[in-house]
Every structure is written in structure tokens, then in C-alpha cells.
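Participant: Here is how the chains run, residue by residue.
2 protein chains.
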Amino acid sequence: MPTITAFERSPDRGRGLARDMRVRWAFEEVGQPYEVRLVSFQAMKGAPHRARNPFGQIPTYEDGDLTLFESGAIVLHIAERHAGLLPAGADARARAITWMFAALNTVEPPIFDRSLVNILEKDEPWFEKRLQALDKSIRTRLGDLSAHLGEAEWLDGGFSAADLLMVTVLRRLQGSGLLEEFPNIAAYVARGEARPAFKRAFDAQAAVFANAPLTG
Amino acid sequence: MPTITAFERSPDRGRGLARDMRVRWAFEEVGQPYEVRLVSFQAMKGAPHRARNPFGQIPTYEDGDLTLFESGAIVLHIAERHAGLLPAGADARARAITWMFAALNTVEPPIFDRSLVNILEKDEPWFEKRLQALDKSIRTRLGDLSAHLGEAEWLDGGFSAADLLMVTVLRRLQGSGLLEEFPNIAAYVARGEARPAFKRAFDAQAAVFANAPLTG
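Line order of the protein sequences matches chains U and R. Its first residue numbered 133, the first sequence is counted upward by one per residue in this note's numbering. Its first residue numbered 133, the second sequence is counted upward by one per residue in this note's numbering.
Bear in mind the hints are in silico, worked out from the structure with no lab data behind them. You may find that some hints are simply not true.
Some, not all, of what chain U presents toward chain R, calculated at C-beta under 10 Å [to be verified]:
#1 Y193
#2 I206
#3 E212
#4 A226
#5 M232
#6 I251
#7 K254
#8 E256
#9 K261
#10 R262
#11 D276
#12 A279
Note that the coordinates shown come from a computational prediction; the quantities given were computed from them, not determined experimentally. Built from N, CA and C at the ideal position, the CB exists for glycine as well.
Produce the complete structure using the sequences and hints provided.
Facilitator: Shown next, in the form of C-alpha cells:
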């Protein structure tokens, strides 16, 4: 059974924003049981965890002799080995992988920056202006995504690993008011969250936080 | 023959930083000829180009009925269809793909931000502090990468698509002084640049700028 790593005590307090959520969701979609090794912030930077991921981050993936990191790569690995997360045709499969990269490389960067700025730069004199600049970048991306999506249910045909990644990226905007400006995107995120596999994954990672020690 | 898109007039003035460089280099490594359709900044945001890439960016990839975007996805597509950019074994292949995602999702974001800040925020009162914060993030990533690389020639065994992406990401730091703080990384980038396929790709994209109209 593959083993992944996750935060012993997630900074998001169990809201499913940590990147192990993507891997848990993928396992749930394809029906693959998995084990979780929880790591503290201190342990993440130690040698045993760096042997799994040289950048000292979660999630990682271990299955026999194979160790992987990067949530996008792990989700792709799962999608290639099980039915349910990539379309059968070669062209449709390549397009789904294009959208996986788009989620992580084009849509996520300004959204992730926004989270960081809200944590690290809240008291800086430039905070409001930085936030406005990021919101402008995010609105541009969301506008493009909204135009592409139109009335479609998913990014390209049926649900795929690309939708899984894109929904996890967009969920980080919940509470910002930005998703509500694009109703078809808000509905798209809700469709992802309504999937039984999402719910099982969300509950599993939320349970870790609920059971976490108060210090760690 | 596949067709890619590239800037009609690249903002980097032909230094190989635009993301079509990655795709050109991949084609050169595997010996696949390709055609290039140049697009102006205005045309990139028009409907015909958005049909190729909803985010209005370059590069895109067209081959028969298949259209892709995202440089990482295109390089992976090329690597999967030709020998030379991914190892043969399944585990080694999965690890190479992990490093492709690491290049684009873990190493590139602060490096790309640094370029943007140097262009867009040079006159802002927070410029120096922003740059220092980014340089700290970049040094952390480079330190981790340097520790992983050690005396190895490439990231994981032989040269792969992961090295191709990582070298293009790191080249964006040339001139910052940061690469020189990690001599094994500087040597790694130089090894990538010394490959004949890199040089052919670099010359091809530089020729576009040399021949570009003065306005456009």
C-alpha cells in the first residue's frame, strides 16, 4: 500500500488546503487505499524527510522502492496507473495533462502568493497595494478560465486529474470574494467538492487536525 | 510537422528566457523538426490565439488535430513520444516527472516573481524589501537543490526533460549573482547550456529577435 506524508498539524486547520489533499482525493477517486505518515514542521526539514523530498515539503509518495514528491507529479503517477483520472484517447489525455500544468503553473502562482501576502505582509505599509495587484492578476486568470469553461461541467470533457488539481487551487480563494465574481467558476468548484471522493479525502485530512496534539 | 508559437518580439531580446525556448530545446534534443508561428502581444490576446491557449500565452503546440499549451506539458508530450528525454524504467521515469514538476512549481515561482518585481516594482517604496524576501526564498530553494545535486551531473541519473526545465528556470537568475553562490548549480546550468541541442534552440530563438521588426 502506498504511503504519503502530510502535516502533523496543518496550517490550514483541516480545511483541505494542504497539498496532501490533492493526493488523498486522487486515491479516493481511483479506489486505492493509502497510508499516511504525519510529519512535524521540524521533521520536514530533517534528513530522513529530505531523502524523500530534497525541498523538505509535503506530500511525498512511497511505494516499494519508488519515492516521489510534488503533488502534481504524484497525482499524475496515480492517474497513469489507475482508471478514472485521465481520458482513454491519447489526444484527450495530452490535453488533460496540459490543464494539470495550467492549474499549477498559470493559475496557482498568484493565488498562492495571495495567501502568503495575507499571512506575511499584513502589517506592511504596502499591504493594500500588493493585494490589489495580486487580485488584478487573479481576476485576469479567472476571467480567462471562466471564458474557457462557459457552461461546461469540467475543463475538457469528463472529470479528470486536471479538474482535481484546478479545484484544489481555486479553493484557496474561498473567503476572498473573488470566486463569486465568476459564477461558473464558483459552480465548478462546488461540483468538485460535491464528489464523494473529495468528501472522503476532505474528512480524512480534517480528522488529522481534529486529533492533532495542541503543540507540535 | 508540429507548429509552436513564440513571441514576434521577445521581451528578453533573444536571451532564451521566453518559454518557447524549453519546447525548442526539447525538439532539438529528440531531433524533431518543428515550425514556428510568431505572434504579436496584441495577437496573443485575440480569439484565434486564445483558441490555442485560453490564457493568451506562448508557447502553444499544434500537431494535426491536437492543440496543447503550457511549456511543461508540451515538453512532457514530446518526451513521451520520442527517445532521449525520459529514462526507460518506470520508476526512473516517474522520478524524472517529479523533478519536472519541482522545476516549475517549487523552484520557478520565486525566481519568476523576482523578474517581475524587477520590472514592475522597481519604483515602489517596498522594492528593496520585496527583493530581499524573494532572494531569501530563492536561496532556500537553491540550497536544497545544491545539496541534492552534490557532485552529480544531472538531477537523477542521465540528462532528462527535468534537467531541461530546471536549467531554463535557473537561467533566469543569470546576472543576479545568486547562481554564483552555489558553484555546483552554476556548473549544472553551464552543462545544460553546453549541449548542442541547447545551442541550436538558443540560436533559433535569438534569430527571431535579431530579425524582428522594430515595432510590433
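Participant: Looking back at the numbered hints, which does the structure fail to meet, lowest number first?
Facilitator: 6, 7
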